[in-house]
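Visitor: Residues per chain, in single letters:
There are 2 protein chains.
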Amino acid sequence: MKNKTKKVGKHTIKFDNPPKIISTYSIVGPKEGQGPLKTYFDEILSDDTCGKDSFEKAESDMMHTAIKSAIERVKLKEENIDYLFAGDLLNQITSSTFAARQLNIPFFGLYGACSTMAESLSIAAMFIDGDFATNVVASTSSHFSSSERQFRFPLEYGCQRCGTCQWTVTGSGAMVLSKEGNFPGITYVTTGVVKDYGVKDVNNMGAAMAPAAVDTIYRHFQDTGRKPDYYDVIATGDLGRVGKEITSKLLNEYGCDIRANYVDCGDIIFDEKVQKTDAGGSGCGCSAVVMAGYFYKKLMRKEITTMLLISTGALMSTTSSLQGESIPGIAHAVAIEFKDDYSPLKK
Amino acid sequence: MKNKTKKVGKHTIKFDNPPKIISTYSIVGPKEGQGPLKTYFDEILSDDTCGKDSFEKAESDMMHTAIKSAIERVKLKEENIDYLFAGDLLNQITSSTFAARQLNIPFFGLYGACSTMAESLSIAAMFIDGDFATNVVASTSSHFSSSERQFRFPLEYGCQRCGTCQWTVTGSGAMVLSKEGNFPGITYVTTGVVKDYGVKDVNNMGAAMAPAAVDTIYRHFQDTGRKPDYYDVIATGDLGRVGKEITSKLLNEYGCDIRANYVDCGDIIFDEKVQKTDAGGSGCGCSAVVMAGYFYKKLMRKEITTMLLISTGALMSTTSSLQGESIPGIAHAVAIEFKDDYSPLKK
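As they're listed, the protein sequences go chains C and Z. Counting in our numbering, the first sequence runs from 1 upward without gaps. Counting in our numbering, the second sequence runs from 1001 upward without gaps.
Isolated chain C, as found in the complex (with noise of 0.2 Å):
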């Protein structure tokens, strides 16, 4: 036993028996809900405060909503849930800690920006693998007014967008996994180390966070070995076009072509001549949505059976950027997989 762990190179974790989702649910804002996904998602809010007297109070409700909503749709309880992972973009990330505030589970905060989602995917699979938890939950969430008054300016401000903006997405996503059952489960993760290559312009996220990804995917691909083509879908979180077209430039030059079918969450969720979010959709929320709605779905269905989510996500904040130093960018790697047997696994 000494020493052995279950890492295949160095920044890969393969899953035996991989830990299962058995639920998920997404709910998503006005425009996410006007989007080409718009029938994938469980739901659509009309009203993106949700009845509440700020939009911070409003992000912490959804996140509420969608954590419970993917409790109770297994039939489960909160007290069948062993710990709740969530994390979000605002300061001290209170739309999770005030979503927990209202959940009698234990919890975990967790921050790495916009690849909060495969983080807590992450810990969460290692969690039930491990047998530390039956049940565990993991959440992510985003608004697109929050983040604007805390990131940008409010939006009384009527700032001007470049091209290479993104749009916050407003909505979360929450997923239930658990060790057992006849559902999509997370067979490999691949963590991410902090890579800055000196990207300073808050309004180009996507070039920051491009090097992360690359390294991430290209890690992936070595610590396993396997190749682009056996993933029926490879999408990274929030990119959006910029970072899409950055990152599979830089991986093509690296001899891993991933054209074939590669998405980015942020440049799907959106259709950017209807929707007018210029580079395409980001923030926390994103890769949730588009995964604990739209893919999900598609697993579920069997339309997709393998595929490789990548969230990314932008390091810095205001402070660090005001005091003039660069975005540093981090993506997490979580392979789902849904087969009758794994059999890939088994060899």
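Any given hint could turn out to be false.
What the hints assert, rightly or not - Under the rule of at most 30 Å between Cα atoms (straight-line distance), these lysine-lysine pairs were calculated in the DSSO-like manner:
hint, chain 1, residue 1, chain 2, residue 2
1, Z, 1007, Z, 1298
2, C, 6, Z, 1339
3, C, 6, Z, 1007
4, Z, 1302, Z, 1038
5, C, 52, C, 75
6, Z, 1004, C, 6
7, C, 179, C, 77
8, Z, 1006, C, 14
9, C, 179, Z, 1014
10, C, 77, Z, 1004
11, Z, 1077, C, 14
12, Z, 1052, Z, 1077
To be verified - Partial list, derived from the structure: chain C residues whose beta carbon lies under 10 Å from chain Z:
hint, residue
13, 13
14, 92
15, 99
16, 101
17, 105
18, 116
19, 149
20, 191
21, 192
22, 313
23, 320
24, 323
Everything labelled a hint here was simulated from the structure, so no lab data went into it. C-beta: ideal position from N, C-alpha, C; glycine also.
Fit chain Z to the given chain C structure using the hints.
Guide: Chain Z only, in chain C's frame:
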């Protein structure tokens, strides 16, 4: 195997093979370095800017030094560390992410306010015990001056303090956990739920966090069947003198008398009469440096053999407080023991 977990009771994990804390490093500011625990810290800064041009950069530099030094102390290298778990109090935990940027180690960012040291130790221990890693690092930091201007006002304003106010510790602690070795081990982890009893006074964090501390300590003893006198030391993270008083009183009312061996890291790191810190120390760095510095050395010298560390966090932001919200609290407990045979666990 089905649904079998390592849990004892609802909130506690028991480690049959306690993950070992094989190395620690503690670095503190000049004020902390004049306090009662000064001989226990590994490094005392003479300049709390670390030669950087902002307090935020100084804080990140402290954490980087703590992590590097803890690793080097046991002749390990960055590439021997499987994961880094770190967090701090700054918006978007930039102290941690900018420290991680200089390290080529897979990184999980955490946010649990001042509970983060026990949170990171908890998850780190599970990664070791679950065979996901051979060596991991858990680290947190805080800085008086970066916290003051983020949560209260810039120092230059010279704001008045009140008796229940605490003083954010300038410091960072890092700990290396590993599977093997004759070192103090983590035997139990009790994970907290978010508790909010309606305290809104941001100058009285001790009162806001006390209910969470009470809840977690009480559950720990219920889940493990241990009694308070089992531990040589029961140490809360940074309740300060006011929160400590409330905690011990409330626990006593529940029939759990911890007074004989109970200390608070925030209470013992400063001498209130000399350092003029009112109710005592606080911040992520408080329980980090007191654990990594003071208690770890006492364990290694066998001056104590059993302790329960309960780091406590106040989960508000300036935005939530300005919006009239009360302050949710959380507390995570970690039992650390250094016995020749860990015999109490073998019964």
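Visitor: So, for every hint listed, does it hold in this structure?
Guide: Verification of the hints:
1. Between the alpha carbons of residue 1007 of chain Z and residue 1298 of chain Z the distance comes to roughly 29 Å, so the proposed pair stays at or under 30 Å and holds.
2. Using a Cα cut-off of 30 Å, the hinted pair residue 6 of chain C and residue 1339 of chain Z holds, with the two alpha carbons roughly 28 Å apart.
3. This hinted pair checks out: residue 6 of chain C and residue 1007 of chain Z have alpha carbons roughly 21 Å apart, not beyond 30 Å.
4. In summary, the hint linking residue 1302 of chain Z to residue 1038 of chain Z is supported, as the alpha carbons are separated by about 20 Å, within the 30 Å threshold.
5. For the proposed pair residue 52 of chain C and residue 75 of chain C, the alpha carbon gap of about 28 Å is at most 30 Å, so the pair holds.
6. Note on residue 1004 of chain Z and residue 6 of chain C: the hinted pairing holds, with a Cα-Cα distance of about 19 Å set against a maximum of 30 Å.
7. The suggested pairing of residue 179 of chain C with residue 77 of chain C holds, with an alpha-carbon distance near 16 Å, which does not exceed 30 Å.
8. Annotation: proposed proximity of residue 1006 of chain Z to residue 14 of chain C holds, straight-line Cα distance about 21 Å (limit 30 Å).
9. Restraint check for residue 179 of chain C and residue 1014 of chain Z: satisfied, since their Cα atoms lie roughly 19 Å apart, inside the 30 Å limit.
10. With a C-alpha separation of about 19 Å, the suggested pairing of residue 77 of chain C with residue 1004 of chain Z holds against the 30 Å cut-off.
11. Distance check on the hinted pair: residue 1077 of chain Z and residue 14 of chain C sit about 24 Å apart at the alpha-carbon level, within 30 Å; holds.
12. Pair hint residue 1052 of chain Z plus residue 1077 of chain Z holds up; C-alpha atoms about 26 Å apart against a cutoff of 30 Å.
13. Nearest Cβ of chain Z to the Cβ of residue 13 of chain C: about 5 Å, under the 10 Å cut. The hint holds.
14. Using the Cβ-Cβ criterion of 10 Å, the hint placing residue 92 of chain C at the interface with chain Z is satisfied: the shortest such distance is roughly 4 Å.
15. Satisfaction of the interface hint for residue 99 of chain C is found here, the shortest Cβ-Cβ separation to chain Z being roughly 9 Å, below the 10 Å cut-off.
16. The beta carbon of residue 101 of chain C is positioned within 10 Å of a beta carbon in chain Z (closest approach about 4 Å), and the interface hint is therefore held.
17. A distance limit of 10 Å between C-beta atoms decides the matter here; for residue 105 of chain C the minimum to chain Z is near 6 Å, and the interface restraint holds.
18. For residue 116 of chain C, the interface hint holds, the least distance from its beta-carbon to any beta-carbon of chain Z being 8 Å, beneath 10 Å.
19. At a threshold of 10 Å, the smallest CB-CB gap from residue 149 of chain C to chain Z is about 9 Å, leaving the interface hint in force.
20. For residue 191 of chain C, the suggested interface contact is upheld, since its CB lies about 4 Å from the closest CB of chain Z, less than 10 Å.
21. Taking 10 Å as the C-beta cut-off, the interface hint given for residue 192 of chain C holds, the closest approach to chain Z being about 7 Å.
22. Because the smallest distance between the Cβ of residue 313 of chain C and any Cβ of chain Z comes to about 8 Å, under 10 Å, the interface hint for this residue holds.
23. Using the Cβ-Cβ criterion of 10 Å, the hint placing residue 320 of chain C at the interface with chain Z is satisfied: the shortest such distance is roughly 5 Å.
24. The beta carbon of residue 323 of chain C is positioned within 10 Å of a beta carbon in chain Z (closest approach about 5 Å), and the interface hint is therefore held.
Hint violations for this structure: none, all hints satisfied.
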